[in-house]
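Residue numbers (our numbering), protein chains in the order written: chain Z, 84 to 315; chain L, 12 to 414.
By construction, these hints were calculated from the structure, which means they are not laboratory data.
Cross-link-like lysine to any residue pairs, in silico, SDA-like; alpha carbons within 20 Å at most: (1) K161/Z / P135/Z; (2) K161/Z / P213/L; (3) K340/L / G314/Z; (4) K340/L / L313/Z; (5) K340/L / V214/Z; (6) K340/L / D216/Z; (7) K220/Z / A311/Z; (8) K220/Z / D303/Z; (9) K220/Z / M248/Z; (10) K340/L / S213/Z; (11) K340/L / S211/Z; (12) K161/Z / C210/L; (13) K340/L / A311/Z; (14) K340/L / G233/Z; (15) K340/L / L310/Z; (16) K161/Z / E138/Z.
Which chain L residues face chain Z? A few, computed with CB under 7 Å, are given here: (17) R154; (18) S206; (19) D341; (20) Y346; (21) A369; (22) A374.
Which chain Z residues stay away from chain L? Per the calculated CB distances, all over 12 Å, these: (23) R93; (24) E138; (25) N186; (26) P197; (27) V225; (28) G239; (29) T241; (30) G292.
The C-beta atom is built at its ideal place from N, Cα and C for all residues, glycine as well.
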Amino acid sequence: MDGGVDTVLRIGLLYPDLLGTYGDGGNARILAHRARARGIEVEVLETRVGEPLVEADLYLLGGGEDGPQRLASDLLMKNDFAGRVTNGATVFAVCAGLQILGNSFAVEGNDTYPGLGIVDAVSGRGTSRSVGDMAVKVGDHVLVGFENHGGVTTLGVTVAPLGAMLRGRGNDGAVDGYRAGRVWATYAHGPALALNPWLADELVASATGLELNPFASVADELHRERLASLGL
Amino acid sequence: MKRRPSVRAALAVSAARLINWLSRRTGRGSGTVAGGRVGLRLAPTLLAHLARERQVMLVTGTNGKTTTSALIREGWGLPVAANATGANMPAGHVAALIESSATAVVLETDEAWLSAVIDQTQPAVIVLLNLSRDQLDRASEVRQLGERWRGALAGVTNCTVVANASDPLVVYAAELAPVVTWVQVPGMWQHDALSCPHCTQPLRFAEIWSCACGFTEPTASVRSDGSRAVFDNEEVELTLALPGAFNFVNATFTLAALRAVGVSLDEAATRVAGVSSVQGRYGRRTWRGRELRLLLAKNPAGVAALLAPGADLDDEVWVAINAQTADGKDPSWLYDAPFERLVGHNVRCLGERRLDLATRLEADGVVATVVDDLNVLTLSQGPVTLIANYTAFRQWMGESTPC
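Bound-form chain Z, shown alone:
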């Protein structure tokens, strides 16, 4: 979209009725708040099961359990979500959302289920569940969050991870998520953007094409406090 004072940012929350296990809707709230604070008009739109995909500039995919994850993957395939990404939409996907955008993921038992194939990534099931705080070095920033998943994700050789693990497991203990064009993905689940205002701003900038002015908020203190709690 073109920048300017009348910029409207459309945020599309995808299937919150399937992918909303852990406060995932919080990311839409945070993005909307931070964009509005910069004078950007925001519309938060939702696509629920049975509804057509909303037209948005920035799509959000949350976490979910096996059954809902499969259904969400099917619906995104049927509605050609990949086409939206090809057309330049910005995407932020966490946990189950991260897996759905890849080639395949593991469901009940060790069956493999097809993903959207937007990103060359394969997710299997690890031998144990990873539950706890995590931190990832992303360029000059550190992403902090909470992970609660049993997935192990292997990226294709051309796919860049989001960053290197400082704490926690992420994809495989070494790296977390991926960054592919305008698609960001992480295992930091739920309202990850609440803890990482810098990332929320990167997403808003990507989706609007605007350079954002700094915006001081209590979220900055929260980010510092989480880092300190992890000894970072």
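Guided by the hints, dock chain L onto chain Z, whose structure is given.
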């Protein structure tokens, strides 16, 4: 040789009593769980031994189990043995049954322990209030919990299950039980059950909920309708000293459970009307000269109940959020709870995760102050509603005194 199990049980009971006495004597604890733990170590079937020939009710669910257990205890009209301190796992149950030999028993039961406690106590009534997200980092996700309940309840005998018909996960859990009293709770929190527990298709919520696969809300014989508890052929107008619309729901479950063991509805209703505080919840307290009303909310459904439209909150609201093991280490749930309803109140953010809360409230345009130093709280006056999650609630209970 045949007598051995009961000799062992008797020994275990004595040991548990001794530990409890020591625990209280040395001031190291309230003396409920420690003894129970030792007793169970010595005799793993101790709970079954103690529950034998008593009439046991189990109360479980994500929210409302402590209050509902307290209402049942009061409403029964007999001496009742109960784990009234909220120690709701087998060690707490053992302790309660050692403390009291009453034949009527009500045990608040942790959701994850339901199956084991059913096996041990052969309950006459099981009350299933609701099933929603709570401490997801350490408990199974809600659907898995529903699956485990389902397995446990399919085989119960000589037992009435009193279950929430408006909660699809509870229905999934209870639908195979031989005898179920379904209680309809219009307008309850349903955000955790948006996809069908049978087939994962989305559920449709209208007057009743249903799924395209045929899974649908069962016909209820009891309905909670505001302050009225409506039974097949009888209706009770509830008057409660406890605040909040959700307590009418808890009271309706209480009446349905007591009716299953033959207690008259009217008599039970009269008795529960007098309950004004449950383990310090709801009652007015003071802290450094401030008058507080302490409310516990540890998950989205709990917050939604407390902040329901028309809820009676003071202008000043303090919200204390911790994320210790007992709370769940992940405060992501703050974003699923309708804290935006605090708009218009003067909110103070307290607890270890006050910054998480403040970030949430800032995004919603709620005026909130982060309190790093509790002394600032004594600078203003007037009554305060204090909403706290589990460990924060316990801290504030410890630091405040009854009015």
